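Asker: Sequence:
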Amino acid sequence: MVQRQCRAMTSQSVSGKTTLSSRLAKQIKVTKTKATTAKQELWDIEDLHSVAATTAPRYFSPVQTRKQRQVNTLPKSNLPAKKARQDEVSKTSKIKIGTATIIKCELVPPNETMLELKVEEAAAVKTEQDFPNANWLQHLENIRLMRCEKPAPVDTLGCHQCADQNANEKTQRFHKLVALMLSSQTKDETTFEAMKRLKAQTLTPASIQGMPAVELERLLHPVSFYKNKAKYLKQTSQILVDKYNEDIPDNIQELLKLPGVGPKMAHICMATAWNKITGIGVDTHVHRIANRLAWLKKSTKEPEQTRVQLESWLPRPLWSEVNHLLVGFGQTICTPVRPNCSECLNRHICPASASVLAKKK
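Here the sequence shown is numbered in the UniProt record's numbering, starting from 1 and rising by one per residue.
In short, the hints are calculated from the structure, not lab data.
The reader is advised that the hints may include incorrect statements.
To be verified - With a Cα cut of at most 20 Å, we get these calculated PhoX-like pairs of lysine-lysine:
#1 K231 to K243
#2 K234 to K199
#3 K170 to K234
#4 K196 to K227
#5 K231 to K199
#6 K199 to K170
#7 K187 to K199
#8 K196 to K234
#9 K199 to K227
#10 K276 to K170
#11 K257 to K231
#12 K187 to K227
#13 K170 to K196
#14 K187 to K150
#15 K276 to K257
#16 K234 to K257
#17 K170 to K243
#18 K243 to K257
To be verified - Derived Cβ-Cβ restraints for the label pairs, each shown as a range:
#19 I277 to K196: 24 to 32 Å
#20 K196 to S299: 34 to 42 Å
#21 K243 to V214: 21 to 29 Å
#22 R144 to G210: 44 to 52 Å
#23 S207 to E141: 39 to 47 Å
#24 R316 to D164: 26 to 34 Å
Quantities reported herein were computed from a predicted structural model and do not represent experimental measurements.
Just so it is clear, CB atoms sit at the ideal spot from N, CA and C, and this is done for glycine as well.
Taking the hints into account, I'd like the entire structure generated from these sequences.
Answerer: Here it is in structure tokens:
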């Protein structure tokens with residue numbers, strides 16, 4: 001009786017053991033199949049407490065901690081292989097002199113491209129020694145503030161405001177060129193009124209070409225040197241009709257070849273008519289203020305000399321605003337005669353203000 005019971009229990013245990021093994025084998029096989037078909041989500045052993053309540057199966061990584069696995073998955077180093085590094089080290093030699101050890105190694109050949117780049121970068125960066133006046137940027141910021149608070153005639157009556165907005169672009173460019181030719185040594189108000197009279201007669205190169213000289217002079221008066229300017233206008237109009245289909249040249253070189261057109265007019269014309277910055281337009285106002293603020297390494301007597309010096313150090317992105325900014329400033333505060341230094345924000349850092357204020361006292 002007892003033997004039969006033992007045999008039954010043994011057979012049950014054996015059969016139970018076999019059943020468990022087969023079940024485990026099947027589970028491992030299913031797990032491998034799933035791993036090959038889809039990537040299972042991997043959880044860290046540290047996250048066990050947070051996922052214990054979930055019913056979905058989770059797989060943990062007890063072998064490596066999260067920190068270890070993150071270190072192991074870092075991108076591979078770009079350093080050369082160990083053998084290559086050893087070869088580089090072998091090229092060095094150690095020389096002992098007393099207690100000191102001198103390591104002698106091969107020089108790295110210079111990269112010409114990098115050297116050229118460094119030279120260009122060094123040349124592009126300007127130091128305080130490159131600027132004639134260390135306070136130039138503060139001067140500029142103060143002038144911007146003063147111009148915002150106090151409008152000037154150039155803002156509403158300047159050459160850029162003289163073109164007929166209803167005309168086509170080609171005609172508008174011609175109007176801007178004519179206004180610039182008339183503006184030399186003439187107030188903006190006078191130039192603006194003369195342009196109104198010309199536009200009333202249909203202002204085009206062809207109309208100026210066919211207009212009698214006496215009639216043109218009458219329309220220009222009282223512009224300064226109106227007779228000479230009438231002559232230049234007729235000559236320029238003839239060139240534009242013959243060579244440019246009544247348009248104006250789109251480059252500084254050909255603009256300067258037109259009768260009566262100087263560097264100031266040409267650079268401002270390129271900016272206002274063609275939206276191209278080719279240089280700084282320096283008139284009497286810019287010339288005077290640049291000298292007063294000591295923005296020049298050497299004082300100048302001619303506007304063209306001032307332009308050359310300004311362009312040698314003033315950052316190019318500022319070229320477009322210098323003329324309009326300083327002309328308005330010269331019309332309102334830094335006037336040719338009796339400048340209003342007491343109202344100027346630069347009075348304490350302007351080299352010329354001390355003498356002007358001393359004379360007023």
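Asker: Confirm or reject each hint.
Answerer: Okay, the hints, checked on the actual structure:
The straight-line distance between the Cα atoms of K231 and K243 is roughly 18 Å, inside the 20 Å bound, and the hint therefore holds. Between K234 and K199 the CA atoms are separated by roughly 15 Å; this keeps the pair inside 20 Å, and the hint holds. Distance hint between K170 and K234 is fulfilled; the C-alpha atoms sit about 18 Å from each other, no more than 20 Å. Under the criterion of a C-alpha separation no larger than 20 Å, the hint pairing K196 with K227 is consistent with the structure, at around 18 Å.
Using a Cα cut-off of 20 Å, the hinted pair K231 and K199 holds, with the two alpha carbons roughly 18 Å apart. Among the hinted pairs, K199 with K170 is consistent with the structure: their alpha-carbon atoms are about 14 Å apart, no more than 20 Å. For the suggested pair K187 and K199, the alpha carbons sit about 19 Å apart, so the restraint of at most 20 Å is met. Restraint check for K196 and K234: the C-alpha separation of about 18 Å stays at or below 20 Å, so the hint holds.
With a CA separation close to 19 Å, the supplied pair K199 and K227 stays within the 20 Å bound. Between the alpha carbons of K276 and K170 the distance comes to roughly 16 Å, so the proposed pair stays at or under 20 Å and holds. Our distance criterion of 20 Å between C-alpha atoms is met by K257 and K231, whose separation comes to about 15 Å. For the hint linking K187 to K227, the alpha-carbon distance of about 17 Å falls within 20 Å, and the restraint holds.
This hinted pair checks out: K170 and K196 have alpha carbons roughly 18 Å apart, not beyond 20 Å. For the hint linking K187 to K150, the alpha-carbon distance of about 18 Å falls within 20 Å, and the restraint holds. With a C-alpha separation of about 18 Å, the suggested pairing of K276 with K257 holds against the 20 Å cut-off. The straight-line distance between the Cα atoms of K234 and K257 is roughly 14 Å, inside the 20 Å bound, and the hint therefore holds.
The suggested pairing of K170 with K243 holds, with an alpha-carbon distance near 14 Å, which does not exceed 20 Å. Restraint check for K243 and K257: the C-alpha separation of about 12 Å stays at or below 20 Å, so the hint holds. Here the CB-CB span from I277 to K196 is close to 29 Å, well matched to the stated 24 to 32 Å. In this structure the hint that K196 and S299 lie 34 to 42 Å apart at CB holds, the actual value being about 39 Å.
Checked against the given bound of 21 to 29 Å, the beta carbons of K243 and V214, roughly 26 Å apart, stay inside it. Under the hint 44 to 52 Å, the C-beta atoms of R144 and G210, about 45 Å apart, fit the expected range. Taking 39 to 47 Å as the suggested C-beta distance range, the pair S207 and E141 conforms, at roughly 45 Å. The given range of 26 to 34 Å is respected by R316 and D164, whose C-beta atoms sit roughly 32 Å from each other.
Hint compliance for this structure: every hint is met.
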